[in-house]
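One letter stands for each residue in the lines below.
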Amino acid sequence: MTDTIDARTPQHLLTIDGLRVAYRGRRGEVRAVDGVDLAVGAGQVVAVVGESGSGKSTLAHAVIGLLPAGGRIDAGRISFAGRDGEQDLARLSERKLRALRGRDIGLIPQDPSVSLNPTTRIGAQVAEVLIVHGLANSRNAHVEAVQALADAGLPDPATRAQQFPHELSGGMRQRVLIAIAFAANPRLVIADEPTSALDVTVQKRILDHLGMLVQSRGTSILLITHDLGVAAGRADQLIVMSRGRVVEAGRTADILDNPQHEYTRKLLSDAPSMASGSLIAGRRTATATDTATARERGGSADDAGAATPVPLLQVSHVVKHFPLPRRGGGERVLKAVDDVSFSIERGRTLALVGESGSGKSTTARLSIALTAPTSGSIVFDGLDLVKARSGEIRRARQSMQIVYQNPYTSLSPRLTVSQIVEEPLRIFRVGSKAERRAAAADLIDQVALPASVLSRRAAELSGGQRQRVAIARALALSPSLVVCDEPVSALDVTVQSQILALLVDLQAERNLSYLFISHDLAVVRQIADDVAVMRNGQIVEAGPTQQIYAAPQHEYTQELLNAVPTRAARTTRPN
Amino acid sequence: MGRYLARRLAAAVGVLWAAYTLAFAILYLLPGDPAEILAAGGENTDPDPAALEKLRAEYGLDRPIAEQYWDKLWAALHGNFGVSVTSGRPVTDVIKDAAPSTLLLTFGALAAAIIGGALLALIATYPRGAGLRQLLLSLPSLAVSAPTFWVGLILVQLLSFQWRLLPAIGNEGWKSLVMPVVTLAIPVSAVVAQVLAKSLLTELGSPYVEIAHAKGVSRTRIHLRHVARNAAIPTLTLVGVLTGELLAGTVVVETVFSRAGIGRVTAAAVERQDIPVVLGVVVFSAAIFVVVNLLIDLVYPLLDPRIAQNGARA
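For the record, the sequence lines run as chains Z and A. Taking the working numbering, the leading residue of the first sequence gets 1, the next gets one more, and so forth. Taking the working numbering, the leading residue of the second sequence gets 1, the next gets one more, and so forth.
Here chain Z stands alone, though its shape is the one from the complex:
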């Protein structure tokens, strides 16, 4: 048997016919994959695109026989041409599947931060895949592992092999997982949202490297993603899934240029891209007189009609240091926020943009006194939050609220939605019990949720519904400032666009100010009046959104904008 397959042979490496997968749970059976057909040719990249719940992840796990508890393949064939010849993975014994996993089929998971064993050295984790398949012995496995790390593009692989996962950044960890997936030189690698947990510039480098590996080794990739931008730049074939079925399949360029199915079109229009229009354009013209002047002045001065140009939030020369572990020398500090100044006016949105570690989340926490700055001043609505007494800050909290990134962890799963939304009112003793209940019902209505969710628990809701509940909770005390810390990055594109629209509507109704934290430049473009780009704790560039996007001055801003995955036809790989 030869290990090299001519990339031009039309032979299929993986063929799925009529696959049906169902989960059995307390509420009966749920069909996650309902009759899916697809084929992956040797050396091909096939992307499966869809929202969460579309069954794309279940499909990927069915291929390697790692369905979660309760999941079962009911019907269909998963024909795979591995080193042991053509086999039907849907009917293979656990023992034979285990021989295939890691050796013939690799897996790159979604979240690199939790996908490595925290107590085992990097090198040993890469070597393990070679050892269990007898591809290396305990003596040469380590050398092979270092080579695999080097092939995955990890700098200084020999040192990294001696380290533990917590000593590596997210991007480095993902390279380690790529090294594990490719170590045994498999024919197929399943990449399940391989970059959705990474920063946009890291994402680009990882995807580029993955593409290079695929080309040099002739490996096939089954790429699972919700991000059409990621799929568009990399995949030969595109498969669009919705509710367990394939709604559209074909060449990537054909589908993007000429989507046939209604769902594909919706997916394309909902995906925020650099071409998307601004959601706040309407609002600006609606508020009449100030629009033109605000645009001209870049929104840096007073609102038309307001007598004094006092911003709602004024952050001046704020510094935040965190102590680092001592090593040898004296005390070391991490300068998380290093001399940052900005202001937000009433009814406007400032977006803080940057990668993880840029200090944007710390800045957000400082802005609403969730943590105290090392130096600098923060004035909110006339109150100096740095010098204020705790009682004053507590009262000010009614006017400044926060919506977090992850609606799965920011809501207590044991409370009902009504209890969650009422809690801020109860804490500040607003109204009677009945009034609070009525207020919660009103808020739930405002965030466009049905009244029936009030009595349900957060754990029973979908991600989008939960984020709406989190927004309702933030609005309960009628704040003037809401900090939105990556409010849509954990959500599907369709849900994402709905939540953004909701935020814009609420802002217009209540004259809210938003401090909007995001790493997603496409989202920011849709919602922000002004943008501040952060890097290493400093604002490197700030200004009106349109200006920043049209003519970025700082090279880092340019780099960020270039790294955004585009839906334009692929240029990185020739066909």
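Worth double-checking, as some hints may not be accurate.
To be verified - Facing chain A, a subset of chain Z residues (Cβ under 8 Å, in silico): (1) 133; (2) 177; (3) 180.
Unchecked claim - Derived CB-CB ranges, DEER-like: (4) 169/Z / 224/A: 28 to 36 Å; (5) 287/A / 412/Z: 42 to 50 Å; (6) 377/Z / 221/A: 52 to 60 Å; (7) 146/A / 392/Z: 52 to 60 Å; (8) 138/A / 387/Z: 20 to 28 Å; (9) 306/A / 159/Z: 15 to 23 Å; (10) 319/Z / 2/A: 25 to 33 Å; (11) 243/Z / 218/A: 29 to 37 Å; (12) 159/Z / 218/A: 25 to 33 Å; (13) 553/Z / 221/A: 52 to 60 Å; (14) 302/A / 322/Z: 23 to 31 Å; (15) 163/A / 84/Z: 27 to 35 Å.
These aren't lab readings, by the way, just hints derived from the structure by calculation. Here the structure is a predicted model, which means the values were calculated and not measured. Glycine residues also receive a C-beta, built at the ideal position from the N, C-alpha and C atoms.
Assemble the complex: chain Z is given as a structure, and chain A must be docked to it using the hints.
Chain A alone, transformed into the frame defined by chain Z:
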């Protein structure tokens, strides 16, 4: 690592000092005249005032309490815990004689509890079928709810009196150790099993386990190589606490099985209000507890490399 060790050592010394001081305060400041207790020597007689004065002077009880405390602490630091009121022997000798038997019992029970509990947890979390898993996992709660003295009495009844396999009482030979160790270990091993099983199940749900599966690693290897080590930390923390529990448990177990040891010494000293002995036993128990927890603190970084670094940062 050096900083981590230094911090742990300082904490250990602090705990010992706090235990001594607290015990001193409770025993000397509580209502009741220590001199009267000393004079009575456990018997209910009315001592004459002159004898009491003499005793007060002899034991330094007529001096201010702070002075007494510093004197006794200073002596204790030099290994002198005074003299037993009832037997007249130095407290250190009383403890030295009783300690080996009790330490054997305590650490024998600790080893049995860890081995038994860990085995049960590892086996119970291995089956994929929910039924068998549930059945095995219900064993610990059953064991926790059985009182120590009752288990001891049942064991004696069966193994000694009915089947005549092991001696019912005494300190002689390993055979006399079996039943006390088992009696003491059962409730503790149940707690170990419960906590370890819970962490094992949590770890089994981690994404890195899925990656191990995707590498083609067998379930047994995943269970023992990947999951067990990550799940061990909470159990290890618990072992430190349980050592104190085991030491306390020796009071009951040594009484049930009529073994000589610290437990019996404690029971007798408390009954006769032999204050120097009680104080000595408190410090001894605290020392064992502190040493075990210090050892555990040293094992943490070996199991999880993140701990030493966090410890140094905090």
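The hints, checked one at a time:
1. 133: This interface hint holds because 6 Å falls under the 8 Å limit.
2. 177: Nearest chain A Cβ about 7 Å off; hint holds.
3. 180: 6 Å, holds
4. 169/Z / 224/A: 28 to 36 Å: 30 Å, holds
5. 287/A / 412/Z: 42 to 50 Å: Given range 42 to 50 Å: holds, Cβ gap about 43 Å.
6. 377/Z / 221/A: 52 to 60 Å: 57 Å, holds
7. 146/A / 392/Z: 52 to 60 Å: Given a distance of about 57 Å, which is inside 52 to 60 Å, the answer is holds.
8. 138/A / 387/Z: 20 to 28 Å: 58 Å, violated
9. 306/A / 159/Z: 15 to 23 Å: 18 Å, holds
10. 319/Z / 2/A: 25 to 33 Å: 32 Å, holds
11. 243/Z / 218/A: 29 to 37 Å: 36 Å, holds
12. 159/Z / 218/A: 25 to 33 Å: 30 Å, holds
13. 553/Z / 221/A: 52 to 60 Å: Check passed, 55 Å falls within 52 to 60 Å.
14. 302/A / 322/Z: 23 to 31 Å: 28 Å, holds
15. 163/A / 84/Z: 27 to 35 Å: 57 Å, violated
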